[in-house]
Amino acid sequence: MTNDLRATYLRALQTIADAGGIEGDALRPIACPFDPAMPADRLGLAMIAAALHERQRRGYAVEWDAVNRDVLTMIAFPNGASSLPMFEASAALSMLSLIRSSHEREALLHAYVMRVVRAINDRSAMQPIAYVLTELTANIWDHAETERGFVVAGIDRHALVIAVVDAGLSIPLSYDRRGIKFPDSPSHDLAAIDAALEGRSARPQGERGYGLRTSAALVMDGWSGSFLLASRRALRYRAPGGSPLGEVGLSPWAGTVVAVTLPLPLRPVDLYAYVER
Amino acid sequence: MSNASTDTTITIVLASRSPLIDARDRVRELLQPAADVQDILMDATGLEFISRSAASELLAAVARWKQEHRSVHVRNVAPTIAKMFRAVDPSVEIE
Chain S
21 MTNDLRATYL RALQTIADAG GIEGDALRPI ACPFDPAMPA DRLGLAMIAA ALHERQRRGY
81 AVEWDAVNRD VLTMIAFPNG ASSLPMFEAS AALSMLSLIR SSHEREALLH AYVMRVVRAI
141 NDRSAMQPIA YVLTELTANI WDHAETERGF VVAGIDRHAL VIAVVDAGLS IPLSYDRRGI
201 KFPDSPSHDL AAIDAALEGR SARPQGERGY GLRTSAALVM DGWSGSFLLA SRRALRYRAP
261 GGSPLGEVGL SPWAGTVVAV TLPLPLRPVD LYAYVER
Chain R
468 MSNASTDTTI TIVLASRSPL IDARDRVREL LQPAADVQDI LMDATGLEFI SRSAASELLA
528 AVARWKQEHR SVHVRNVAPT IAKMFRAVDP SVEIE
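Sequences listed follow chains S and R, in order.
Counting in the working numbering, the first sequence runs from 21 upward without gaps.
Counting in the working numbering, the second sequence runs from 468 upward without gaps.
Bound-form chain R, shown alone (with noise of 0.2 Å):
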């Protein structure tokens, strides 16, 4: 699965290489094709684990492109990988 993307919009497949994102070197490189687009959607399908560094690496990005106001979705989150993210930061809103 690869992501898909218009110059405004982006897809994210977060477990596009596995369904483990062990580090934040690739949450880097996963997020890369996202850096000049305006609308991203993260989706999290079939993503069983995300280590605490990427969790925390994903979410300052998101906290990032958000003060640059710019639309950030993430869905079909596992609900591991939602206490993942609310230990990182429990003010995280995930839908």
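In isolation and in its complexed conformation, chain S is listed as follows (with noise of 0.2 Å):
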């Protein structure tokens, strides 16, 4: 299925655990078997991204494999756009590589989504484009202690997938930081997800987390799409008409991936009916 973001992810995690994963002794270059022309493989490009980016902040070499190398520089991989020449330069949605101390963080995420916008022929979904990608991004300077997100896009004629991916501190993790324990047992970093699903924040004055609660609801029950939340162990995800999906007892993913799919063209949507929700 084009635009299968869980098999998608589930592809990626084992392909990057395939190589050895992102420390050790036995390190090989990842195997990138994703086509950029495919919607859903945009999320995994991302992962192995962050995955290779991870290797190359513990000392180790970056080393990939494919057989589109050309295509996939093209998009800025694996590095990512990271500054306005670089992303000017790049193709249309190529891979942004945000960084949290950057002067054009905030500028480079106004570019994206102003293509994201062009690219499916919507200024009315300027808004509702942006909330996504800012509210996603922002729980990565919030909460995920890294310096680092990577933020893909892709379409085709049937569907929008945005994807952004961080290889910081797990959901679980950032609870837990705050002094939030979830019971011991296979299921705790899927309790830990769907507590950030249903709003709990891991913010320290114990404020409602609206981000990925509003975002979701508004991809979901606005859009019409899909969404994929996954953290350490676990994922949750859910199709449109489909009952959410839990899976724990994956290969670990040291931070955070949400993904989004969108059917184009995308339904007009009321976007500060679920911000106010």
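Take these hints with a grain of salt, some might be off.
What the hints assert, rightly or not - Rough simulated footprint, nothing fancy, chain S against chain R, three-plus residues with beta-carbon under 8 Å:
{"id": "1", "region": "514-521"}
{"id": "2", "region": "524-532"}
{"id": "3", "region": "543-552"}
Said to hold, decoys possible - Between beta-carbon pairs, the in silico distance windows are:
{"id": "4", "chain 1": "R", "residue 1": "H540", "chain 2": "S", "residue 2": "A139", "range": "37 to 47 Å"}
{"id": "5", "chain 1": "R", "residue 1": "E535", "chain 2": "S", "residue 2": "A46", "range": "32 to 42 Å"}
{"id": "6", "chain 1": "R", "residue 1": "V559", "chain 2": "S", "residue 2": "R197", "range": "29 to 39 Å"}
{"id": "7", "chain 1": "R", "residue 1": "Q505", "chain 2": "S", "residue 2": "P283", "range": "47 to 57 Å"}
{"id": "8", "chain 1": "R", "residue 1": "Q505", "chain 2": "S", "residue 2": "R197", "range": "36 to 46 Å"}
{"id": "9", "chain 1": "S", "residue 1": "S263", "chain 2": "R", "residue 2": "A549", "range": "31 to 41 Å"}
These are computed hints drawn from the structure, not numbers from a lab.
These numbers were taken from a predicted model, which means no experiment stands behind them.
Note that CB positions come from ideal geometry on N, CA and C, so glycine has one too.
Assemble the dimeric complex from its two separately framed chains, guided by the hints.
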């Protein structure tokens, strides 16, 4: 299936695990089996980019293999565009590498939102697309204790896929840092993911966490899209018309992955009806 | 565009870096020059989007300043920005 986020997530996890993960003595080049022409594959590319960046950050070599290396380079894989000149020189929906401390962070995100809006030819979608992207990336800066996050988008005739990926602090560990504990069981990570989706904030003041909850509602109820949230050893996924699917005991992902598929053309939505919920 | 200030007044240009404000940390950076200023004017000219979390941070700062009896005004607010402010705090007054 073209835009099966769950299958892509699991495939990327396996690909990274097969190459030895992100640290240790048994690291091998990460094979990159993803095709950027397939929107959901952009999620896999962002995960591999994040894994490669983590290897580099820990002092290991950055090595990857792909048959379509030239095509991937055109979309700024694996480093991602991290400045406006880099982004302007890259292909339309290239990969962004947002850096927390960069003074261009917001300008890059704005430029990316505008490219997505142009790609789907729907100016009215600017505010809700910006909402989803800013709330998901804000979670990285607020909770993941990392300097970097990857943003990708891909479209075909039927769907727009957006993914935000970090390899920082996972959702369960972020709660743990705030003294919020979940029962020590195989479903521990899934319980933390569900708490985040329900709006239980990990911020110190104990206020509600709106970003994930309202973004998920906007994507699933407003646009009839699918939504995937994965962190550490669990994932929660819901496709249109389906029941929420939870999986535990997966290969671990250090940080958090959020990905959505939105059917095109986008249904008009009143963003503020979701924000106020 | 940069922020202009005297000892007692400051104008903070909210879109000085980008037409979009994405997160709480950026609001804290933007508002930092106003820390010890009595009269604060925030100019939203050119601001196209503010995230919910950023709007929440900004309105919390405004509420704090008003409690401290400081003068705070926000001008040139686009309708979409005003909607986000009202979504965060329905009682907020936008000029």
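The hints, checked one at a time:
1. 514-521: holds (count 6)
2. 524-532: Violated, because only 0 residues of the region 524-532 of chain R bring their Cβ atoms closer than 8 Å to Cβ atoms of chain S.
3. 543-552: holds (count 3)
4. R:H540 - S:A139: 37 to 47 Å: Given about 38 Å between the Cβ atoms, the range holds.
5. R:E535 - S:A46: 32 to 42 Å: violated (58 Å)
6. R:V559 - S:R197: 29 to 39 Å: At roughly 32 Å between Cβ atoms, R197 of chain S and V559 of chain R fall inside 29 to 39 Å, so the hint holds.
7. R:Q505 - S:P283: 47 to 57 Å: The hint (47 to 57 Å, Cβ to Cβ) holds, given that Q505 of chain R and P283 of chain S are roughly 52 Å apart.
8. R:Q505 - S:R197: 36 to 46 Å: holds (37 Å)
9. S:S263 - R:A549: 31 to 41 Å: Because 38 Å falls inside the window, the suggested range holds.
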